[in-house]
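*Asks:* Next come the chains, spelled out residue by residue.
Protein chains: 2
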Amino acid sequence: MAVEVDGDFEQLQKQNGVVQPLLTDLYQITMAYAYWKGDKCNDYAVFDLFFRKNPFSGEFTVFAGLEECLKFLQNFHYSTSDIEYLRKTLPPSVEPEFFTFLSNLTAKDVVLYAVPEGTVVFPRIPLLRVEGPLPLVQLLETTILTLINYASLVATNAARYRHAAGPHIKLLEFGLRRAQGPDGGLSASKYAYIGGFDGTSNVLAGKLFNIPVSGTHAHAFIMSYSTFDESKVRRLKDSNGEEQDFVSLALKWQAELSKFLGVILEEASSGEFSAFVDYAVAFPQSFLALIDTYDVIRSGLLNFCAVAMALHDLGYKALGVRIDSGDLAYLSNVARETFHNISDKYNVPWFGELMIVASNDINEDTVISLNEQGHKINCFGIGTHLVTCQKQPALGCVYKLVEVNKLPCIKLSLDMEKVTIPGRKEAYRLYSQDGHALIDLLQRVDEPPPEPTKRVLCRHPFQESKRAYVIPSKVEKLYQLYWKDGKLCQPLPTLAEVRQKVFDSLRSVRPDIKRNLNPTPYKVSVSDDLYQFMHDLWLQNAPIGELF
Amino acid sequence: MAVEVDGDFEQLQKQNGVVQPLLTDLYQITMAYAYWKGDKCNDYAVFDLFFRKNPFSGEFTVFAGLEECLKFLQNFHYSTSDIEYLRKTLPPSVEPEFFTFLSNLTAKDVVLYAVPEGTVVFPRIPLLRVEGPLPLVQLLETTILTLINYASLVATNAARYRHAAGPHIKLLEFGLRRAQGPDGGLSASKYAYIGGFDGTSNVLAGKLFNIPVSGTHAHAFIMSYSTFDESKVRRLKDSNGEEQDFVSLALKWQAELSKFLGVILEEASSGEFSAFVDYAVAFPQSFLALIDTYDVIRSGLLNFCAVAMALHDLGYKALGVRIDSGDLAYLSNVARETFHNISDKYNVPWFGELMIVASNDINEDTVISLNEQGHKINCFGIGTHLVTCQKQPALGCVYKLVEVNKLPCIKLSLDMEKVTIPGRKEAYRLYSQDGHALIDLLQRVDEPPPEPTKRVLCRHPFQESKRAYVIPSKVEKLYQLYWKDGKLCQPLPTLAEVRQKVFDSLRSVRPDIKRNLNPTPYKVSVSDDLYQFMHDLWLQNAPIGELF
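These protein sequence lines map, in sequence, to chains A and B. First residue of the first sequence: 1, per this note's numbering; consecutive thereafter. First residue of the second sequence: 1, per this note's numbering; consecutive thereafter.
Be aware that a few hints might be false.
One copy or two, either will do: identical chains are not told apart, so a pair holds if it fits within one copy or between any two.
[As the list claims (entries may be wrong)] Listed below are the simulated EDC-like cross-link pairs for lysine to aspartate or glutamate, each with C-alpha atoms no more than 20 Å apart in a straight line:
no., residue 1, residue 2
1, K207, D82
2, K391, D361
3, K391, D365
4, K391, D238
5, K406, D536
Read the hints as simulated data drawn from the structure, not as lab findings.
The following block holds chain A by itself, in its conformation from the complex (with noise of 0.2 Å):
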């Protein structure tokens, strides 16, 4: 785990996809080397890392991006290609001993506590404490946030469509065209099932993350086709291994299912048969279709069952269909209706349970009106608004130096929101005896804890009049200490590990506070010893003498 430094390590970082240390804003930089010119390189200093203001006007967050950070801080190392740039880039004035003092930099300084990745968190409690020498701790500053920002969106974003869609509906996620570029849909791609989705349509994520992958055919593979001579491979062997006449079993199911579906049968395409034949020969156990690209009703459907019913005959048991354009809840009714109807006319059970996904620009409101208007879908895969966080494509965490050599720093801020609680802090959550977390508490790290059916005071952080004593059934620490002398200091959860942890920490938090519309606000609150402290600080630092 310890930081090693050679002359391979830029190759490395490449290979094993580490963010680099350049990929942060020159005024860290300029930053770091004016502390370095003003001898405040071993000043001690404390960030904390928070938000807000929870995305999406919800209540709760979904803390994630922790994993990435820890790696970067294990790798955190200047190239020497990254010095020349820096070199050739920073003022000539710049002192050459400043390039020394980089190029030796690494994380083993850095003194790292985080709420563990996947847990749900709330405004203002923040996420991390960053302690270290001055100008390291400031020099992590936007690639961490870089690195939590976008995961803890995706992250809450998924889980919104998670509660919205309730927990038996598959969820996938589509999202890599419109994603920020290559790694942009990568993110989103792992992001999205640690919030609750059930995979994904991009194949390297599953690759490099093992997480499930999902897919059959868009429009083009029917478009391609435009003739019922068109399937090249008309056999296809049945279960036992006997080559069959698949094309006119097909042909045959497609004109009894017409009479009775009342379908016409010139009308449907005979290009969407042939394309539907050619998928099932290639995919006999797992053949699901698109059956929006003529008609739905009209065509799609009748040729799905066709072909679906051959399978059978050969022993085989179709998959479903996937709709992407139409009504969708209307749409799925009737294909819901027809399954179950051919499921009752020729006693094939299964052909009534078939699965019916969605698509098609599906945002959280599209599932919640189509829960409204009733369907029969059990699967949706969305992108756009999945991957993008339509809805607000930011989540606003700032990094936040809260105390230097044990001084307490306060920014203040004419809006009293912006203001920062000072000093090195710990963080609880406190839970009631049916299981809910009842509130977060802030407290100053030399504080006692609460304790379990031990009677403690939260006031609110900047309303003087709100109070509130609590009597937790159970007080959780929320930091735990990640890393520190350039090590892990405990191993990191699998991917499906955080993915509980974020299904565990959800079921702790009340309904009310989950809820899509108009949820009731969590509260986070300071001690009292807290409440002073940042009030006295703020008086003395505030100037006299403004109009209010």
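Here the structure of chain A is known, so what remains is to put chain B in place on it, guided by the hints.
*Replies:* Same frame as chain A, now just chain B:
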């Protein structure tokens, strides 16, 4: 340029940051198998990549991402580990020979025509025409869309900010921390620069793409100082190399200017003063200070001017200030007036011209509103809204099959806007005598191209009665051949050349089309021949009997 295949290929890809072919949707691979299994590997397909609507309620789009698509083609190859992953991910019924087919696949049979990168483009005119064996060109879809959608979106967004700000304001991209992870941030920096920004805060983008980088310090830098005595390095060499007591000099100026500016000396932050001194000592030739940590008027401006005048005494010129909160128009006017007053009083001409940088959640509407209010800002730092494209976080490029084996394909839809224009097509831009683009014209490939000074009939693609004769002064063929026989067909422009192309291409677009509010739509048209071809095909394929 030829595609080399060897054991180190995967490593090579990673080293070059090249996008891998597994960065795609799974359905591309299942479709490829169905094509392979259905003996359609030699079917010759033509796909068009286009969008249907300009982003941001605008009437133009900047095309970007082509170079990355070409690099993707150059390196298109499934590695051994890719094949292993696919083998265990696809159903066991998939025949082993398919994986041999995949592992031998390169992009040598792809033919790619495109509009040059940086060209201003409009809805429905394909940006790319991709031809080749059906499974191969199908396999490219998602990756190419991923590479073009966000690149074009952010380049267009940047061009809109440039248009709103005017040509003389400096625009800096500050969005890394709010982008979709590391690579989202890099893409944002690159394509914002192409779209007309002057630089970025993202150091890695500067290193990789040779984009100017910019930045000074954050509020944390100021907050890390609390007293007057905190500058440990009190001395600074003047421009003649003589050491001077810089702190005393700055303190003298602070006292002097507090009287001249009517600011109460005791109310100015002493920590801020120390921070400015240390920053000026570090960067005497490029001192730019963030002046809103405590109070712009009652602290930041005074402290900045004191340190800047002390620098002046030592023979240095300061650069200016950054304001990151509050009423940016008002504060910039106050700052400019202060600078002018000092310039006049102490006869320091450059002081009146100090740069004023504004940041803080600026979007296109903010820029327009600031212009209306009147401001003295020279430079905007723009982050979140630029990189997330908050107004519209995805461009809806699609990749549609338009021809297979010389037979045209048409995607019908009840929504007329979603009908595709079938067949292989050429695109032309017709110019008026004053050099402005008049109209874009799509034709079938075998039609003679329009000629300057000759009348050409341009038809609305869908509305029969909308037709116009146009006599162009100049005709530009929009597509160039970029890739054939596994090779690039022409040298690629540098980033700076693409940026210049955006500038030139935008200049050829009429101002009313480019304006930010309620712009005039640019006209795109089809030839009479293409119109007939398309509508005949439409009638042949659309079922009769739908109630309208």
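*Asks:* Now look at each hint and say whether the structure bears it out.
*Replies:* These are the hints, each one checked on the structure:
no. : hint           : in the structure
1   : K207 with D82  : between (30 Å within a copy, 8 Å between copies)
2   : K391 with D361 : both (13 Å within a copy, 17 Å between copies)
3   : K391 with D365 : both (10 Å within a copy, 18 Å between copies)
4   : K391 with D238 : neither (49 Å within a copy, 53 Å between copies)
5   : K406 with D536 : within (16 Å within a copy, 80 Å between copies)
Violated hint: 4 only; the structure is consistent with all others.
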